[in-house]
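Undergrad: Just need the whole structure built from these sequences, with the hints factored in.
Chains X and Y supply the protein sequences, listed in that same order. Sequence positions in the first sequence follow our numbering and run 1 to 281. Sequence positions in the second sequence follow our numbering and run 1001 to 1281.
I should point out that these hints are in silico values taken from the structure, not numbers from a laboratory. Be aware that one or more of the hints could be misleading.
[Stated by the list, open to error] For the chain X half of the interface with chain Y, some residues (derived, Cβ under 10 Å), not all of them:
| id | residue |
| --- | --- |
| 1 | T2 |
| 2 | F5 |
| 3 | R19 |
| 4 | D25 |
| 5 | T30 |
| 6 | R34 |
| 7 | G56 |
| 8 | Q58 |
| 9 | V59 |
| 10 | A91 |
| 11 | D103 |
| 12 | L109 |
| 13 | L148 |
Cβ coordinates follow ideal geometry from the N, Cα and C atoms, glycine included.
Protein chains: 2
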Amino acid sequence: MTEWFLDGRPGATVSADDRAVQYGDGLFETIAIRDGAPRLWDYHVERLQTGAARLGLQVPAKPALRAAVHTALDTAQAGHNRCVAKIILSAGRGPRGYRRTGDASPTLLTGVAEARRLPESSYRDGVTLRLCNTRLALQPQLAGMKTLNRLEQVLARSEWSDDSVFEGLTLDTDGRVICGTMSNVFLITGQALATPAITRCGVSGVMRRHVLELLDRAKIECQVRDVEVGELWAADDVFISNSQFGILPARRCGNHAWQTGETFRRVEALLRESGVAEGPA
Amino acid sequence: MTEWFLDGRPGATVSADDRAVQYGDGLFETIAIRDGAPRLWDYHVERLQTGAARLGLQVPAKPALRAAVHTALDTAQAGHNRCVAKIILSAGRGPRGYRRTGDASPTLLTGVAEARRLPESSYRDGVTLRLCNTRLALQPQLAGMKTLNRLEQVLARSEWSDDSVFEGLTLDTDGRVICGTMSNVFLITGQALATPAITRCGVSGVMRRHVLELLDRAKIECQVRDVEVGELWAADDVFISNSQFGILPARRCGNHAWQTGETFRRVEALLRESGVAEGPA
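TA: Here it is in C-alpha cells:
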C-alpha cells in the first residue's frame, strides 16, 4: 500500500480536473529510500527537472522537492528507513482542453510505500525475463522521460502473469532492444559492455546512469548505442538495472540462457562500493 | 468549469492510487449533449467498449454508462439541455507497479461542462489551422482510441497561443497527415473526398465516423487511406470534424488557403439533416 501526500500534506486524492487524471500531463520518479535518505537523489531531481523543461511544466525547486519527500517520510506509517518514495508532478488543475493555462500551479504528490525485498537467489542466480510483444513507439519528444503516459508499459506488463518471470523486455517498433517495463538492460559480449541508446523511446533510468558513470570512472567502456535483438541473444551475459533493486543478472529469456560471469560481478562490486548494496550481504 | 461525478455521485476527486493518475491507464469520451440527450451515443459507447477490450479494461454495460451520464446531467449546475459530458474510465485503484491486479474495479468519472459556442463566422468562413511540429508516434496498439495518454496532443496544443488559430494539424513521425489535436480532417480534391486512415496513430473521432456513414449512405465516396502532407496543400477544400462542433471548413493553414466549396456544403447539409445542427441557423 502506498500512503499519499499532496503538496506535503497527507491526502490521498487528486482533483478530477487535474491534468494527471485527464491527460497524463506530468512526470514521476520512484526513489529508493535507504538509511532514511533518498538514494541517487541528484539524478532523480535532474531527470525530473529536465523532463519538466522539455514538457514545459513548472517544477518545484530542489529543496522543496526534498522537503516534500521528507515530510512524507516523517508522516508515513511505513518504516521510513528503507522504503520507496514516489513523486508525481503534474501540470495541475485546468479547464477542459489540451491547452495549458498559464495560471495553473503544478500538483506535487508524494507517495511512500514499503520496499520490496527480492530473494538473495535473484542476485546470485539471476532472474527470468520474457520478450514482450508490445513494442515501444518511436517518439523522440518523449524519449528518456518518466512521463505519466505509461500505457505501453501497462500493456507490456499485462502480457504475463507467471510470477517466475521477473521482467519483460520491450523492443521498439523497428525491432531494436530498448529496455524492460521497469528497468534498463545491459549486454556483456566478451569484454564489451553495451546498453541501448534511449533517444527514440524508453526511459533513461537513474540506476542506468549511475552504472554508466561508475563504469566510466573505472575506465570500463560501455557503449550506449542501438542494440539489435540478435545481439541480445548472442550476448554472453545480460543484466537489468532499476532504482530499487540496483542490478540483477538475467538468467534466461524464452529459450535463450545467459551465464553470469566475472564482468557482471565486477559491475556489482562497483555498485556495492558506491553505496548501492542491494545484493546478498 | 467542469463538475465531476465519481461512479454517478458528485465528487471532484480521484484516489492518488488510481491508475488514471499513475499511468493514464484508461479511456475517455467527450460527448455533446443536445436537447438533453447524448448525441452519437452509440458511437461513443462502441468506441469506449472497443478500446476497453483492446486495453483489457473492464467497462460498465451501456445502460450503466447512460445512467451515469444522466445522473451527472440531472445533478450538475450547468444547463443540461446543451452541454458537454465527459466520461473517464480507468483501470481503477491498484498497488504500485504496471501490473494490473484482477480484483480492481474500474473507476467511472463523469464530468459536465458548458458547451462552447463557436461564432457563426467559423461555420460560414472557416477556421485557421496550423501545422504542428509535434509528430504522432506510430503505435498501432493504441491507434484509434481516446486513451488517457495524451501528452502528444498536449505538446502539439502548447505550440500556439494565438487565439486566431483554431486547431493544429499533426503529422505522424513518417510525415503523413493524421488528425488535429482535437479533431479529424477531411480533404476534398475535385469531386474526391479522403480522410486519413487511423491505423498507426491518431484518434478515430465519432463525428468522423458519423460523416463517413452519412457519405456512404448518400453514395458519396470518401477514401479512408494514407494522406501525404502534399495532398493537404493540393486539396481544393479541407474540413475538420469533432463531436462538439460537428464540421468546420478550414480556411487556411500557414501560407496555404482553401476555398469552401459546394462539396463541403453538401456534407454540411447531410449532417444537418442527420440532426447534427451546429452551424449557422
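Undergrad: With reference to the structure, classify each hint as holding or not holding.
TA: These are the hints, each one checked on the structure:
Taking 10 Å as the C-beta contact cut-off toward chain Y, the hint placing X/T2 at the interface holds, the least distance being around 6 Å. Among the interface hints, the one on X/F5 holds; its C-beta lies about 9 Å from the nearest C-beta in chain Y, closer than the 10 Å criterion. Annotation: X/R19 was flagged as interfacial toward chain Y, and the flag holds, the nearest CB pair being 8 Å apart, inside 10 Å. A hinted interface residue such as X/D25 counts as satisfied when its beta carbon comes closer than 10 Å to some beta carbon of chain Y; here the least separation is about 5 Å, so the hint holds.
This hint holds: X/T30 has a C-beta 8 Å from the nearest C-beta of chain Y, less than the 10 Å allowed. Contact between X/R34 and chain Y, as hinted, is not supported at the beta carbon level, the nearest pair being about 17 Å apart and thus beyond 10 Å. The beta carbon of X/G56 is positioned within 10 Å of a beta carbon in chain Y (closest approach about 6 Å), and the interface hint is therefore held. Evaluation of the X/Q58 hint against chain Y yields a violated restraint, the C-beta minimum of about 13 Å exceeding 10 Å.
Because the closest C-beta pair between X/V59 and chain Y is about 16 Å apart, greater than 10 Å, the hint is violated. Because the beta carbon of X/A91 sits about 8 Å from the nearest beta carbon in chain Y, less than 10 Å, this interface hint is met. A distance limit of 10 Å between C-beta atoms decides the matter here; for X/D103 the minimum to chain Y is near 13 Å, and the interface restraint is violated. The interface hint given for X/L109 holds, since its Cβ lies 6 Å from the closest Cβ of chain Y, which is under the 10 Å cut-off.
Hint on X/L148 holds. Least Cβ distance to chain Y is approximately 6 Å, under the 10 Å limit.
In the structure shown, a violation is registered for the earlier hints numbered 6, 8, 9, 11, in ascending order.
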